[in-house]
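Build the full structure now, drawing on both the sequences and the hints.
This is what each chain is made of:
2 protein chains.
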Amino acid sequence: MPPTHPNSRFFTFVAGETGPWRMVESRAIRGQALPPAPRLDLVNSALPALPPQAQWMLHGCVSHERYVTRAEKTALAAVQPPLGRAEATCAAMIPLTKNAAWWHLAQDERREILEARSSHIAIGMQYLPASARRLHHCRDWGEPFDFITWFEYAPADAPRFEALVQALRMTEEWQYVERETDIRLVRD
Amino acid sequence: MPPTHPNSRFFTFVAGETGPWRMVESRAIRGQALPPAPRLDLVNSALPALPPQAQWMLHGCVSHERYVTRAEKTALAAVQPPLGRAEATCAAMIPLTKNAAWWHLAQDERREILEARSSHIAIGMQYLPASARRLHHCRDWGEPFDFITWFEYAPADAPRFEALVQALRMTEEWQYVERETDIRLVRD
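So the sequence lines, in the order shown, correspond to chains A and B.
Residues in the first sequence are numbered from 358 upward in steps of one, following the working numbering.
Residues in the second sequence are numbered from 358 upward in steps of one, following the working numbering.
A few of these clues could be false.
Note that identical chains are pooled: a pair holds if it fits in a single copy or bridges any two copies.
[Unchecked claim] Below, simulated SDA-like cross-link-like pairs (lysine to any residue); rule was C-alpha separation at most 20 Å, straight line:
hint, residue 1, residue 2
1, K430, I480
2, K430, R384
3, K430, L462
4, K430, A458
5, K430, W459
Keep in mind that the hints were calculated from the coordinates and are not lab data.
Structure representation (structure tokens):
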């Protein structure tokens, strides 16, 4: 069951037989995998039940930013591309869960690890404007993952995108990740 | 419709004919009021539908803290009382919505307004251990309010509790509040 009231910030990722995105890989980075499916549909609402023939679905909500400062927000806004660019025919859907130790930290401790010690925002900036990104929050819906990040990039930028996700996975912040799946897709 | 999966962090506030709390006042501080009802039940799950005879319900989720630093978290933990104290027979349920300008601010700007300029955490500390408090997040469920704060206090501490809410409503942070209702209850 999705949230209480309709909201344009709600999304459902539906894996099954239909949708514009063909799933080329579903790989468990840490923890239990998500089963691969032929295709993925990204629906801009919180579907209350799994559509017929679908294999699984995950929900998420676009929310306000939890960590970026005004200076970072302004810098990001100047270079981040929109989703839906014609040339960005590759996508990555990365559902991720952090452990209880992370969620028990205070705000300043989480910010310290995320940026001062892991350069999460700074690393992301290095790979802009190649990859478009949208973060979906799921933890407070009781979903199996805390976040789903959705990226779109052109095939020529795939090596750079690989370098981005590898760089993030080497950080201290990622030591708090207890489950992560990396799903790659192509729009055809 | 409440969120996707059961979770012990989910709550439903049900106003109607039943429940341990008698509603003594429902007062709109800003924006549209919530209708008064004889009683309130606080259910520790996200009810999918309004129970028979109930007048309205609101959902919320206990989540990680968005603003407190480690020093503040430690100081609060040392003095904040639990809910359910026998002597705390008074309660306040305060649903509140902030405006779009607030949600467009970056994290450092919101923290600056909330604490450096409005002393939200410091003001709250002055009224501990008299009032127990639990914050419920609702914004990302598409609910009519962004937050519901629930307080419990003894009748003798009612004047101090009034001073607390009045002090908070005078702050710069409260200029971003576009809807607020103040519901007072007694357990009998």
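Now for the hints, and whether the structure bears them out:
1. K430 x I480: within (14 Å within a copy, 30 Å between copies)
2. K430 x R384: Cα proximity of K430 and R384: none, with 31 Å in one copy and 38 Å across.
3. K430 x L462: between (23 Å within a copy, 9 Å between copies)
4. K430 x A458: Between copies only: 15 Å across, 27 Å inside.
5. K430 x W459: between (23 Å within a copy, 15 Å between copies)
Comparing the model with each numbered hint stated earlier shows that hint 2 is the single one that does not hold.
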